[in-house]
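There are 2 protein chains.
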Amino acid sequence: MYVLITYDVATGDADGARRLRRVSKLCTQYGQRVQRSVFECLVDPAQFELLKRELGEIIDERKDSLLFYNLGKNWKPRVERLGLNRVYDPEGILLI
Amino acid sequence: MYVLITYDVATGDADGARRLRRVSKLCTQYGQRVQRSVFECLVDPAQFELLKRELGEIIDERKDSLLFYNLGKNWKPRVERLGLNRVYDPEGILLI
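From first to last, the protein sequence lines stand for chains A and B.
Numbering follows full-length UniProt numbering, in which position 88 of the first sequence is assigned residue number 88; successive positions increment by one, without gaps.
Numbering follows full-length UniProt numbering, in which position 86 of the second sequence is assigned residue number 86; successive positions increment by one, without gaps.
By construction, these hints were calculated from the structure, which means they are not laboratory data.
The structure displayed is predicted, hence computed values, not measured ones.
Worth double-checking, as some hints may not be accurate.
For identical chains, the list gives no copy identity; a pair is met inside one copy or between any two copies.
In silico DMTMM-like links for lysine to aspartate or glutamate, alpha-carbon gap of 20 Å or less [to be verified]: (1) Lys25 <-> Glu57; (2) Lys63 <-> Asp15; (3) Lys63 <-> Asp13; (4) Lys76 <-> Glu49; (5) Lys63 <-> Glu80; (6) Lys52 <-> Asp13; (7) Lys76 <-> Glu57; (8) Lys52 <-> Glu80; (9) Lys25 <-> Glu49; (10) Lys73 <-> Asp15; (11) Lys25 <-> Glu61; (12) Lys25 <-> Asp60.
Please construct the entire structure, taking both the sequences and the accompanying hints into account.
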């Protein structure tokens with residue numbers, strides 16, 4: 001399954017900046033950063049559950065926001081890119 | 001159709017800041033901001049084409065990035081939210 005993750009982490013203090021780094025680092029293990037706060041990940045259902053649990057342990061639920069959008073298996077026709085984008089195919093190679 | 005729009009606009013100069021304001025303003029006409037640079041929009045195919053064209057005219061394609069994710073009609077089970085989020089139902093009322 002193809003999952004989009006977007007996040008807003010409150011970085012007004014040192015602890016927020018630390019959470020942001022941890023969120024970025026974890027998401028990088030599962031997918032590819034396509035914008036500053038947007039990751040595209042190709043995961044199986046078990047990995048997705050694990051990722052959500054791990055992210056939930058990092059963020060401050062009173063301050064930070066995480067959104068998950070599951071685009072399923074037939075995701076390619078669902079995505080369009082405009083402007084400066086890395087053309088990323090999580091099932092294939094990275095095209096610049 | 002339910003469309004997610006995410007954007008990174010290069011705001012290093014005054015022109016970038018102006019583009020960002022214009023992108024935000026336009027997206028607000030079609031949907032609801034759910035994170036700093038993420039909008040959820042409920043549009044028909046004609047509106048979606050118009051929105052993409054209008055956004056394409058605002059951004060600097062060499063500097064800015066826009067991503068569109070079409071979650072279709074059966075979008076509700078595809079979305080999960082963690083942390084500080086407005087619970088937004090574009091087909092219903094806004095729940096805080």
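- Task: Pop the pair Lys25 and Glu49 into one bin, within, between, both or neither, using alpha-carbon distances up to 20 Å.
- Result: This pair counts as within: shortest intra-copy Cα distance 17 Å, inter-copy 35 Å.
For this session: Classify it for me, Lys63 with Asp15: is the Cα-Cα distance of at most 20 Å met within a copy, between copies, both or neither?
Result: within (11 Å within a copy, 30 Å between copies)
Review point. How do Lys52 and Asp13 come out at 20 Å by Cα distance, when the copy is not named: within, between, both, or neither?
Key: Neither. Shortest intra-copy (24 Å) and inter-copy (36 Å) distances fail the 20 Å Cα cut-off.
Check: What label fits Lys25 with Glu61 when the C-alpha limit is 20 Å: within, between, both, or neither?
Finding: within (18 Å within a copy, 28 Å between copies)
* Check Lys63 against Glu80 for me: Cα-Cα at most 20 Å, and say if that holds within a copy, between copies, both or neither. => between (30 Å within a copy, 17 Å between copies)
Exercise. Have a look at Lys63 and Asp13 and pick one of within, between, both or neither, based on CA distance no larger than 20 Å.
Key: Answer is within; shortest intra-copy Cα gap is 11 Å, inter-copy 29 Å.
Quiz prompt | Up to 20 Å CA-CA - Asp60 versus Lys25, copy category | solution = Answer is within; shortest intra-copy Cα gap is 16 Å, inter-copy 29 Å.
- Query: Using 20 Å as the alpha-carbon threshold, which applies to Lys25 and Glu57: within, between, both, or neither?
  - Reply: within (14 Å within a copy, 34 Å between copies)
Can you tell me if Lys76 and Glu49 fall within 20 Å by alpha carbon in one copy, between copies, both or neither? Result: close only across copies, 18 Å inter versus 22 Å intra.
- Task: Give the relationship of Lys52 and Glu80 under a CA distance limit of 20 Å: within one copy only, between copies only, both, or neither.
- Result: Between. Shortest inter-copy distance 10 Å satisfies the 20 Å Cα cut-off; intra-copy 25 Å does not.
Up to 20 Å CA-CA - Asp15 versus Lys73, copy category
Classified as neither; 36 Å inside a copy, 39 Å across copies.
If the cutoff is 20 Å on CA atoms, where do Lys76 and Glu57 land: within, between, both or neither? Let me know, please. neither (31 Å within a copy, 24 Å between copies)
In terms of the numbered hints stated before, the structure departs from hints 6, 7 and 10, listed from lowest to highest.
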